[in-house]
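Line order of the protein sequences matches chains A and B. If you read the first sequence in my numbering, its first letter stands for residue 1238, the second for the next number, and so on. If you read the second sequence in my numbering, its first letter stands for residue -16, the second for the next number, and so on.
Incorrect hints may appear among the rest.
The list that follows gives simulated cross-link-like pairs (lysine-lysine, DSSO-like), each with its CA atoms no further than 30 Å apart [claimed, not checked]:
| hint | chain 1 | residue 1 | chain 2 | residue 2 |
| --- | --- | --- | --- | --- |
| 1 | B | K114 | A | K1342 |
| 2 | B | K40 | A | K1322 |
| 3 | B | K40 | A | K1342 |
| 4 | A | K1306 | B | K114 |
| 5 | A | K1265 | B | K90 |
| 6 | B | K114 | A | K1256 |
| 7 | A | K1342 | A | K1292 |
| 8 | A | K1322 | B | K114 |
| 9 | A | K1265 | B | K114 |
| 10 | A | K1322 | B | K90 |
| 11 | A | K1265 | A | K1322 |
| 12 | A | K1249 | A | K1265 |
| 13 | A | K1256 | A | K1292 |
| 14 | A | K1342 | B | K90 |
Since the hints were made in silico from the structure, they are not lab data.
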Amino acid sequence: MATAVLLVEDSKTQAYQIKETLEGVGLKVSIAHDGPEGIRAAISEPPGLVVLDVKLPTMDGFQVCRRLKMHPATRNIPIIMLTEKTSAEATMTGLSAGADDYIPKDIFATEHLITSLQELGVL
Amino acid sequence: MTRVNIPPVMSVTIEDSMDIMIARDTARRAAGLLGFNTSCKAQLAAAVAALTEQMLKAGGEGSLHLNGVQSGSRLGIQISCEAGWLKNLPPNSADALQEQLNTMVDKVEIVEQDPPHMNLIFWLSGPRQIKEG
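So that you can see chain B by itself, here it is in the shape it has in the complex:
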């Protein structure tokens, strides 16, 4: 099913290690706006921090884009970035990063275009939502 981008839409410029903290904070905020509960926000923030840290290690300055995503009746969050820097990582590190991210989000996709893009998707299912009241 087609995914459609929805608000919130946020971006973080990644230039130095301070930006890891900002990316983590932005992920928590975006996830909170979409209704993710506290532990999911922490999990997503950790995934974003891991991605950003590896991006910087590989010299991949750039931007991280965070937005809501909808597919049919499902809502979620998508984090995306250009991923040309992945080729600068040793193959085992690139694999380890993807493996690690796969344990924290629902889907990690590498879109082979020029430049390649990486998308992380995390769906907002029932147990992941903030409990009302």
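Chain A extracted, bound-state conformation:
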């Protein structure tokens, strides 16, 4: 059975592109468009992986990541942050929040995402 992935991304265009990539490698993707919706979805039906944007309305991706890593139902789910915030500070904040990977949305993003999925045992 395909691994379920929860994608938390507010941009519909980017959500569509990332969903296409993930479905292209055989994953089943559901989308949440903000942090609280993502947290609720992850707790009610824990996925095999969360792919999380940083810039989100209401609650940013770092806060979402911290909440998911603290909750007993979701703390062991791998989280990949896929983001335009590329500074060293942002990367360290994401990793300190418990993210398993922090991938900048650049021309290498798809390749790094696939490699990361393999290393995290999702593929």
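Got chain A; can you put chain B on it based on the hints?
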């Protein structure tokens, strides 16, 4: 203990801001080849991006060299570059860069030769390795 350079050996020419992205990508690849896990690869890539960005700001075009390194039974990765450009940064920026890099890698060394060199070392300890299976 003496450090010995080992493969992989990679270089990136740093000329403009596009090269920050390439340097970050190369760091991830080199770290992956040595067996670093995903979060360590991200951390190392961020350190390399921070270094490259400051190098460009200081007008320090040049090359970034990435290689494996071995010291006794320890393996790690070394990132090195000529660091003459450091003197072009305001002293507080140079200090801030070194302080920032120190939070991301195990060792930041400035080798006082002509020209000076900067080396970043990040060791591959147990928790940093890719989990097998």
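Here's how the hints hold up against the structure:
1. B:K114 - A:K1342: 25 Å, holds
2. B:K40 - A:K1322: Within the cut-off at roughly 19 Å; holds.
3. B:K40 - A:K1342: 23 Å, holds
4. A:K1306 - B:K114: Satisfied, since the Cα-Cα distance of roughly 19 Å is no more than 30 Å.
5. A:K1265 - B:K90: 42 Å, violated
6. B:K114 - A:K1256: The hint holds at about 26 Å.
7. A:K1342 - A:K1292: Distance of about 12 Å is within 30 Å: holds.
8. A:K1322 - B:K114: Holds, because 27 Å separates the two Cα atoms, which is no more than 30 Å.
9. A:K1265 - B:K114: 24 Å, holds
10. A:K1322 - B:K90: 25 Å, holds
11. A:K1265 - A:K1322: 26 Å, holds
12. A:K1249 - A:K1265: At roughly 17 Å apart (the allowed maximum being 30 Å), K1265 (chain A) and K1249 (chain A) satisfy the hint.
13. A:K1256 - A:K1292: 18 Å, holds
14. A:K1342 - B:K90: 28 Å, holds
Hint check: a violation occurs at hint 5 only; the rest are consistent with the structure.
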